[in-house]
Every structure is written in C-alpha cells, then in structure tokens.
Amino acid sequence: MTLPDGSKIEVESGITASELAKGLGEGLFKKAIAAKINNQLVDLSFKIEKDSSIKIITYNDPEAQEIILHTTAHVMAQAVKRLYPDAKIAIGPALEKRFYYDIDVEPPIKEDDLPRIEEEMRKIIKADHPIERVEMTRSEAIEFFADRGEIYKVEILNDIVDTEVVSIYRQDDFVDLCRGPHLPSTGKIRAFKLLSVAGAYWRGDSRNKMLTRIYGTSFPTREALNKYLKFLEEAKKRDHRVLGRQLELFDINENVGPGLVLWFPKGTIIRKIIEDLWIKEHLERGYQLVQTPHIGKARLWEISGHLGFYRESMFDAMKVENDEYYVKPMNCPFHIMIYKSKTRSYRDLPIKYAELGTVYRYELSGVLHGLMRVRGFTQDDAHIICTPEQLDEEIEKLVEFSISFLRNFGFENFDIYVSTRPEEKFTGSIQMWDVATYSLKKALEKLNIDYSIDEGGGAFYGPKIDIKIRDALERSWQCTTIQFDFNLPERFDMSYIAEDGTKKRPYMIHRAILGSIERFVGILLEHSAGDFPVWLAPVQAVVLPITDKQADYACEVFNYMKERGIRVELNNRSQTIGQKIREAELQKIPFMLIIGEKEVSTNRVSVRRRKKGSLGVFTWEETFNLIKEGK
RNA sequence: GCCACCCUAGCUCAGCUGGUAGAGCAGCUCACUCGUAAUGAGCAGGUCGUCGGUUCGAAUCCGACGGGUGGCUCCA
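So for the first sequence, our numbering puts the first residue at 2; every next one is plus one.
Source of the hints: derived by calculation from the structure; they are not laboratory data. No false leads were slipped in.
Below, a list of computed lysine-lysine pairs in the BS3-like style, where the Cα atoms sit at most 27 Å apart: (1) Lys23 x Lys127; (2) Lys124 x Lys89; (3) Lys231 x Lys194; (4) Lys37 x Lys23; (5) Lys447 x Lys398; (6) Lys273 x Lys398; (7) Lys56 x Lys32; (8) Lys48 x Lys23; (9) Lys298 x Lys341; (10) Lys32 x Lys98; (11) Lys98 x Lys111; (12) Lys589 x Lys237; (13) Lys398 x Lys469; (14) Lys426 x Lys442; (15) Lys589 x Lys238; (16) Lys238 x Lys228; (17) Lys51 x Lys32; (18) Lys273 x Lys469; (19) Lys56 x Lys23; (20) Lys341 x Lys505; (21) Lys629 x Lys281; (22) Lys612 x Lys228; (23) Lys298 x Lys343; (24) Lys589 x Lys612; (25) Lys111 x Lys231; (26) Lys98 x Lys124; (27) Lys31 x Lys98; (28) Lys37 x Lys56.
Label-pair distances were calculated between CB atoms; the ranges are: (29) Asp52 x Thr138: 27 to 35 Å; (30) Lys48 x Ser430: 54 to 62 Å; (31) Val618 x Asp532: 19 to 27 Å; (32) Glu322 x Glu564: 45 to 53 Å.
Note that CB positions come from ideal geometry on N, CA and C, so glycine has one too.
Please put together the full structure from these sequences, using the hints given.
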C-alpha cells in the first residue's frame with residue numbers, strides 16, 4: 002500500500018481500511034471516518050484486495066463534510082420513518098454545508114415537529130448502530146424496495162439502467178439506496194441540527210407530487226456547527242429587506258402590488274448615484290443613451306417573437322383603441338427599431354445603445370423576494386450592434402468594462418461562466434454559434450480571466466458570458482450577462498451596408514452589467530450590511546449640535562457642507578448628544594459632525610466616524626475634505 | 001403557480017384551553033440644554049390582513065381570498 006506521504010507498507014490482502022487505519026495508529030483509527038483508495042472514496046469497511054494508494058479520511062479532511070452530511074441525512078430519514086411509519090423516502094443528498102431529505106409523508110411535517118425528529122435522531126446516534134454496505138443487483142434492489150413500499154427508490158432504480166450492481170446502506174432496521182460512502186456507525190455523528198422544512202416537487206418537476214423537504218446540517222465539531230449557525234444569523238442580519246426598512250430606502254406595499262418597489266428618497270439617491278456613474282462611464286466608452294416607452298403594440302412583440310417564447314413572463318395585454326399593447330419585459334425590440342430608423346452603413350458600426358430601461362415581468366408569486374426578485378425592475382441594458390470583424394474587440398471591451406464597473410463597488414471576486422449551444426432547440430447556424438462562442442472564450446483568455454463552461458447552458462438564441470460576484474459573506478450573485486442574439490436581427494431583418502455595397506446582417510449582443518438596479522442595490526445592501534461606502538451613502542454626514550446654543554453655528558456648518566455638495570443632515574432636536582450619536586450610528590451615517598461650545602469658540606468641527614469613534618477636531622475645510630475623501 | 005408556515009399600533013412582539021386588546025421602540029407635547037451609542041414625564045395611536053361561517057360571545061375555532069416567509073437545480 003502507498004500512504005499519502007509516499008511511503009509503502011505491506012498488508013495482508015483482504016484487510017479492511019479500518020483495520021489498516023488501526024495498524025497505523027490508535028489516534029488515526031479513532032478519527033477515521035472513511036478512506037480514499039486509488040483516489041476513490043470508500044467506506045472504512047472496504048476490503049483491500051490489491052496494491053493501491055490509500056488515504057484515511059478523518060473528520061478534518063475536506064472530503065469528510067459530505068460524508069458526515071450524508072450519513073446525518075440517513076439518520077434523519079430513519080428518525081422520520083420511526084415517527085411516521087408510512088413515510089416514503091425519496092432523495093437525500095448533501096449540499097455544501099447542509100443536507101436535505103425529501104420525504105413523502107402525510108400529513109406533511111411542520112417546523113414544530115423538528116425537535117421531535119432531532120430527539121429521535123439523538124437516540125439513533127446514541128445507539129451507535131453500525132452502518133453496513135450491501136451490494137445487490139439492480140433487479141434485486143427493485144424487488145427489495147418495492148417490497149418495502151419505497152416507490153421513489155424503485156423509480157430511481159428503474160432510471161439507472163446503466164448500472165447493474167447497486168449498493169444499499171443499512172443501519173439498524175433502516176435501509177437506503179445509496180452510493181456512499183458513509184460513516185462506519187451512527188455514533189460517529191457529532192454535531193447536527195435540523196434547520197427548516199419546505200415543499201419540493203419530486204424531481205423538481207411541478208407536475209409531480211410535492212414532497213416534504215427537511216433541511217439540516219452536521220459538522221465534525223460543535224464549534225464548527227455554531228460557526229455555521231452564526232453565519233446564518235449574520236446573513237439574516239444583513240437581509241436587505243430588513244435594512245431597507247431600517248434605513249428607509251424602499252418598501253413593497255401590498256396595495257401597490259407584489260414585486261413592485263417603492264423607492265423612498267434615501268433609496269432613490271443611492272440609485273441615482275449608481276445610475277449617474279453608469280451613464281458617465283457609458284458615454285466615455287462610446288455608448289449612446291436612448292429612452293424607450295414602457296409599452297408597445299402586440300405587433301412589435303409578435304415580430305420579436307416574445308409573444309411566442311416569452312409570453313408566460315409577460316403581463317396580459319391592454320386594449321387601446323383598436324390595438325393590443327403589452328408592457329415591455331425587455332428593451333431590445335425598441336432599440337432595434339431605433340437602429341432600423343434609417344439605413345446603416347458599416348461605417349456607423351459598432352452602434353451601442355444604452356438604456357436604464359424599466360421592464361415588467363410576470364414572475365410567479367412564490368418566487369418574489371425583496372429587491373432580488375421583483376416584477377418591475379430597471380435593467381442597465383445595452384445592445385451592441387456590430388460587424389463580424391468587430392466582434393472580438395467588442396466582446397473584449399464588454400468583459401473589461403463589466404469587471405471594471407463592478408470593481409467600483411468594491412467587488413473583487415468573480416465567477417465567470419461561458420454558456421454554449423443547447424443540444425436541441427436553438428436558432429442560428431452552428432457556424433454562427435461557433436464563431437460567437439469562440440469570440441467569448443478568446444476575450445476571456447486574452448484578458449487572462451479564469452472561467453468555467455456551462456455546456457449547453459446558452460439561451461436558444463445565442464451563447465453568453467455570465468459574471469457572478471462574490472459578496473462579503475462569500476455568497477455569489479449573478480449580475481453581468483453578455484448574450485449573443487442570433488434571433489432578433491433575423492426577425493427584424495436588421496442590416497447594414499457593407500464595404501462592398503451589399504446588405505449584411507449585423508451581430509447583436511445584449512448585455513447588462515449590474516443586471517437590475519433593484520437587485521444590485523439589494524446585493525450592495527447585503528454585502529455592506531448597510532454600511533455603504535461614503536460616496537454611496539444616502540446621508541454622508543449629520544451635524545449634531547450639543548445644545549441649542551450651538552444651533553446657529555451648526556446651521557452654518559450644515560449650509561457650508563450642503564453648498565459643497567455633501568449629502569448632509571442637521572439634527573437640531575432637543576436630545577442628548579449620546580442619543581443623537583446613537584441614532585446616527587443606527588442610520589449608518591458615515592460622518593457625525595459634533596458641535597459644542599469649544600467648536601464654536603475655535604471655529605472648528607469635532608468629527609466622529611461611524612463605527613470608529615472620534616477622529617478629532619478639524620476646520621470646516623478639513624472636515625469637508627475628510628468626507629470627500631470618504632475613507 | 002405549488003407545499004408548509006405566518007399576518008395584532010409606524011416597527012419588533014405579548015395576548016394560556018373563545019369572554020370584544022397590551023409592552024418596548026418610533027411619533028406628538030412638555031420639561032431638561034446635556035461632550036461621543038438610549039434624559040424624564042405625559043399624550044395619542046389598533047373595526048387584531050379582508051370577507052364569510054360556527055358560537056350567547058371570535059384576535060383566538062373553521063373556510064375562502066389577499067399579502068408575506070422558507071423552499072420547489074445541484075444525481076440513489
């Protein structure tokens with residue numbers, strides 16, 4: 002056997018991984034939960050028959066997490082079956098930090114039932130039942146699970162036609178179809194917690210039965226579990242819906258309608274700052290701003306094809322005189338009409354139309370979520386129309402622009418995906434797809450950007466690059482999308498006159514950098530926990546006189562800052578200074594300008610920085626500069 | 001849309017098994033004029049999401065509707 006450090010040992014054939022671990026040391030044996038033989042994860046009970054490399058997996062190994070989660074899922078399923086003997090188990094995989102098990106049980110399990118299930122799980126863990134792997138042929142397994150009434154397992158088995166021998170895992174009287182590996186016994190589970198229940202369709206298909214899904218988590222140590230629970234709490238504290246209310250940024254009112262955002266003054270200012278920067282950078286890069294209506298005739302959406310392939314996401318038509326109109330779910334048809342307003346020459350290209358266009362999409366009520374998923378939102382949209390020769394350069398510029406724009410907001414980590422042609426339904430020629438896809442990849446490679454390929458993940462009308470940003474809690478959010486469109490230029494018969502005088506079809510690229518302004522503000526809120534950088538803060542500074550005697554002076558300071566473009570407030574109320582500061586801290590205002598008797602007599606300002614405390618005393622100009630620098 | 005759960009004052013929440021509502025914060029008024037995260041007192045504020053049913057009686061039980069939350073992709 003070859004050990005991870007390269008050394009070799011002799012063992013008898015047929016020894017189990019567990020026995021081998023024991024031979025290597027009692028400490029290792031105790032921590033061991035699985036093994037990796039020839040780079041393949043196996044149970045500790047695995048019998049080693051021939052020469053191979055072996056690594057004993059312990060609680061601390063990265064591979065351990067999945068095994069721990071998976072075994073905990075089995076224990077949970079067992080507990081549920083004990084409490085609800087008629088329950089049928091479906092699937093129960095490990096996720097990154099959690100597991101779930103989908104179970105068909107009547108009546109559905111409620112959140113209140115979780116403690117009872119946890120209690121039962123503890124019994125199973127305490128009993129330390131050995132977990133045993135058994136192999137059987139697929140047909141044996143089908144019979145076995147059919148006997149036990151486990152119809153979902155039978156269905157799964159019927160689907161995996163390419164495997165003849167399957168494995169099942171048994172602990173006590175509980176048996177589950179599973180690839181494994183698993184912990185050697187239930188007692189090896191150390192720290193778990195059930196988190197939530199939810200409905201989930203069998204196989205994720207809404208035509209199928211809704212099962213009860215129970216989420217839980219499990220860790221090698223209580224500390225690791227607590228750390229994870231703390232992370233969940235931290236994420237909860239940053240919930241943009243809560244911060245949005247606390248900081249008076251926006252609201253979604255049921256009388257206005259679900260998924261429709263009311264932007265309050267402070268929220269609107271944030272949007273405006275983002276949008277102004279967006280406009281400035283687009284103008285600098287040769288984009289032309291356009292503005293288009295919120296509704297358009299049915300005819301337009303017929304030409305574009307949206308009434309065919311996108312109708313379920315559109316609000317119903319409204320009648321105006323003798324025509325039907327639809328609220329726009331996208332801006333592209335309008336931009337195309339602008340393009341088509343006259344004959345275009347190759348000399349005009351590339352044309353880049355940019356619009357902060359507000360669109361409306363009918364999203365299922367159940368998927369709406371704060372600012373992240375809404376029914377009315379503003380896309381930071383642009384359409385690039387160019388010749389084939391210009392393609393590579395334009396794509397490269399787009400990627401570069403997108404990333405540099407996102408960096409403005411402090412995002413530095415990106416996950417980038419190229420989605421290629423779907424297997425079945427697609428429009429445009431394979432050759433066009435190949436050219437475009439190659440262009441996308443080439444741009445990323447030239448810019449030295451790592452990316453993953455989502456094979457077949459493109460829309461039917463073209464390949465795309467998606468950029469996801471990583472926030473402060475390492476969660477990733479999709480923002481940028483750069484999509485080719487082979488469909489619309491065709492449908493709208495877009496053309497330009499080429500150098501040789503012939504009419505040619507241009508390439509068209511849709512793209513949004515932030516995705517939607519609503520969603521992006523939501524992401525920024527969760528990323529920053531509401532502590533916006535000074536340049537984005539809706540209120541950058543608040544002037545806080547200590548007593549009424551400083552009111553006039555405070556007002557002068559306030560006006561001074563205001564005239565110089567600082568977003569500043571004045572708190573002249575009869576509160577103690579402690580309370581004024583507390584309020585400003587809670588409102589997450591970056592600078593507090595405190596004015597007492599001393600400041601008035603020396604013509605200065607005492608500056609306090611949010612979360613940091615007092616910075617000292619400064620002149621008005623120095624104070625202004627501090628805010629302007631915004632550190 | 002579907003499944004589960006939730007909806008009481010502007011916000012966060014109490015209100016046991018049915019006997020017609022309560023706190024803290026915010027708001028308003030008054031007093032206080034205070035040096036870096038909560039000064040005190042008083043006042044006001046709710047047809048308990050809406051509609052219907054059961055009942056002598058409903059915030060509480062039942063139903064429908066509206067709204068919200070979690071979830072519905074990650075292979076046994």
